[in-house]
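Participant: Chain by chain, the residues run as shown.
Number of protein chains: 2
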Amino acid sequence: MRPLKYINQNEKVGMMIGEILSTGDEVCLGSVIDSNSAHISAGLDEIGIRVTRHSCVGDDMVELVAAMAEIGSRADIAVITGGLGPTVDDLTAEAAAMAAGADLLLDPVASKSIETYFAGFSRKMAGSDIKQAMLPCGATPIVNTCGTAPGFIFKIGRCRCYFLPGVPKEMKAMLSLSVIPDIAVYQGLEKSVTLRRELSVFGLPEALVNEKLKGFKLLFPMVKLGMIARFPVITVKMTAIGTDRKILADEIEKSGRWSADQLGDKVFSLEGRSMEAEIASLLVKNHATIAVAESCTGGLISHLLTNIAGSSDYFLFSGITYSNDAKRKILGVPEETLITYGAVSEETVKEMADGVRRISGATLGLATSGIAGPTGGTDERPVGTMCIGISLPDKTVAYRFNSPFKERLSNKQIFAICALDLLRKQLLMAS
Amino acid sequence: MRPLKYINQNEKVGMMIGEILSTGDEVCLGSVIDSNSAHISAGLDEIGIRVTRHSCVGDDMVELVAAMAEIGSRADIAVITGGLGPTVDDLTAEAAAMAAGADLLLDPVASKSIETYFAGFSRKMAGSDIKQAMLPCGATPIVNTCGTAPGFIFKIGRCRCYFLPGVPKEMKAMLSLSVIPDIAVYQGLEKSVTLRRELSVFGLPEALVNEKLKGFKLLFPMVKLGMIARFPVITVKMTAIGTDRKILADEIEKSGRWSADQLGDKVFSLEGRSMEAEIASLLVKNHATIAVAESCTGGLISHLLTNIAGSSDYFLFSGITYSNDAKRKILGVPEETLITYGAVSEETVKEMADGVRRISGATLGLATSGIAGPTGGTDERPVGTMCIGISLPDKTVAYRFNSPFKERLSNKQIFAICALDLLRKQLLMAS
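Protein chains in written order, with our numbering: chain A, 1 to 431; chain B, 1 to 431.
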């Protein structure tokens, strides 16, 4: 093997081929959306595995054995989820044994680990639980730290298969604690280092982010570039794998800085954090407290801010003042402002922001008023129009934003993140 | 063919086999979660197609052709999404032609439909747009009413394949308008009727819902039972397909009533609606308005209520009173109540509900106070404890609820739906 300094992420040749198989009627028949496969895929992709296919089959022995045998002939490594539990529907271990022509045996290590797990709840193993310790002959158990069913590693055909439970929490823990490190050893990368950098981006569509980072591959051949879109935020991910930590750290630092430069002020976090987490740490850093007056965002800004544990330290109050009456009575917006300028105006959101700051005693006030749709738009203020007011100790500012969407939920989401992003920029100027 | 009165949903033999293939690097490498396949799967399952496998491959010609050829040898019908756009990454039509040994030809109907779509925006077709009208020889175009790229129907091996765009909105419209009806004709069910019933359930885990509906299959062999879990709500779906509308209507009615009886007051909608939609229609029906005082739910109740278009008619105000100070100053909760009973108490939420009703002038006041976690719990009030207050014109009531979760977001979600469910029951008593 060549001495590994770094993995050239543009080289497909020589990369191990990976596949993912999720099992279970609930996924195959559409009762639940398979979010496991995307998580696993992104994890494998990061460590230089070329993921070529995902499959899903139901709880059906013939289908399971066929899918596993095919994977055994096509892939170098595979992650297979689901069907490891104690019920009669759980066929995965038996199917794996059959696909490889092996027997099922009671694995003493797996049996012990199930016993230990139950002992934590002062419970004894039941008869049906034993089934979860029956593994194909030659399999190596993978410890499950947050559930009953152990996983296992087992070779089918040419493929090293990692079998994990379908419960996302258990799967994720086992993937990062056991599977990814084992694959690194299997790839001959046991002494490798993986360095990551993530940028959170708001205000650019995915195609434009791509466009702006077009030169990346040529400039940073050691660094793998990825992107995850969760409307309306895009996370740009950089990963570098190799053995020389210094070179990698230098490259990932440079590539991160270059990307941040290309994307300018659309980047709101250099650590891949959520907008609400970013606001939280800026508020804490500035020893500031906040109060919110929401109209068109209808509580979503408050919901986001209070998703952060510890938000009670700085989040004092929010008033969802949908009606003009509430804007007047609770926030003290003058009747005249509402009549002269309308509810969706810079003047009104300034009064709202000042009002909520005044009644709550917070350092900062944030206010929104707009038209989320689908109805309520006019020629002058079409659906997608929003005004944002920010009340600061020394001044009050207002902005106007136009969303291209006509759909209520999309608009509430983009409105909320846009308002928080404007607040973030004010907090940065203040700190 | 036997005269079809109804499809016996327990008979697997004789059912057509369906597969789903989603394509694109963004799905295969884990940048986006594939929600299309679950939607398609549930749709096919409903009309009696036995979905045996989902697959996903990236934008790679070799992988695409291999996957399509395999599906052509295994399935009777397939829905294939993604890769129909104008860019060089969009390989689906070419791969389909290759998998079937056919040529690509400019389809005049598809070309016309793209032209018509652009004309709607007063835009002309660009050169790269023509690519989207190049279909495998023998394909039948499927009209795309909300996007550029037309879909098409094309036989590969023994399989009738439906090619659709990957954009969820376009895919969903084309699936229900064109694909599902075409499959009905293909199955010889063109004169068939599909009747549906959905129940929305809150307060029971999936396993218990299953347990309570155990006798369903035997009692109603004509009706297919399905379940979709979107935490913390479960939707129970019943579907009956056949030619005799009267018999089917009778059966689906009986099966719906039986299921609702089994699940008792855990069913909050007999039409499969969301909790917030149910509350909305009850408020409108009762000519009632509402105001909310949220502590532990942090704005989520308001966010849910304002997700409903037209909510400004009955949603007057919400105060997110995280701090005790805000509870006192804004809602007028007496200092003494907070000191004597604590913020998380029946007494405090009653004062909060009364206070928000009073200051807003709404017919009803709803209040929450609790511990969402992960920290903040005590022996007496562990994480997961919530008190709910409802202020009505003639009385004020309070409840206590304990969630088994320790995680903040899960608790906010279950708290919000629980509070709305209690409000719903009060509204039902009043109407």
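Calculated from the structure, these hints are not laboratory results.
Among the hints, erroneous ones may be present.
Computed cross-link-like contacts, DSS-like style, restricted to lysine-lysine with a CA-CA straight-line distance of at most 30 Å [said to hold, decoys possible]:
1. A:131 <-> B:285
2. B:212 <-> A:212
3. A:406 <-> B:285
4. B:169 <-> A:124
Here are a few chain A residues that face chain B, going by a calculated C-beta distance under 8 Å [said to hold, decoys possible]:
5. 47
6. 51
7. 286
8. 287
9. 306
10. 363
11. 378
Note that the Cβ used here is the ideal one computed from N, Cα and C, for glycine as well.
Participant: All hints, please: hold or fail.
Facilitator: Now the hints, each set against the structure:
At most 30 Å may separate the alpha-carbon atoms for a hinted pair to count; residue 131 (chain A) and residue 285 (chain B) exceed this at roughly 54 Å. Proximity of residue 212 (chain B) to residue 212 (chain A) is assessed by CA-CA distance (about 55 Å); at most 30 Å being required, the pair is judged violated. Of the pairs offered as hints, the one joining residue 406 (chain A) and residue 285 (chain B) holds, with about 28 Å between alpha carbons and a cut-off of 30 Å not exceeded. For the given pair, residue 169 (chain B) sits about 50 Å from residue 124 (chain A) by alpha-carbon distance, which is inconsistent with the 30 Å threshold.
Given the 8 Å rule on beta carbons, the hint for residue 47 (chain A) is violated: about 12 Å separates it from the nearest Cβ of chain B. Interface hint at residue 51 (chain A): satisfied, since its Cβ lies 6 Å from the closest Cβ of chain B, which is below the 8 Å cut-off. Taking 8 Å as the C-beta cut-off, the interface hint given for residue 286 (chain A) is violated, the closest approach to chain B being about 18 Å. Given the 8 Å rule on beta carbons, the hint for residue 287 (chain A) is violated: about 16 Å separates it from the nearest Cβ of chain B.
Of the supplied interface hints, the one on residue 306 (chain A) holds, with its beta-carbon coming within about 3 Å of a beta-carbon of chain B, less than 8 Å. Because the smallest distance between the Cβ of residue 363 (chain A) and any Cβ of chain B comes to about 14 Å, over 8 Å, the interface hint for this residue is violated. The beta carbon of residue 378 (chain A) comes no nearer than 15 Å to any beta carbon in chain B, farther than 8 Å, and the hint placing it at the interface is violated.
Hint violations for this structure: numbers 1, 2, 4, 5, 7, 8, 10 and 11, all remaining hints satisfied.
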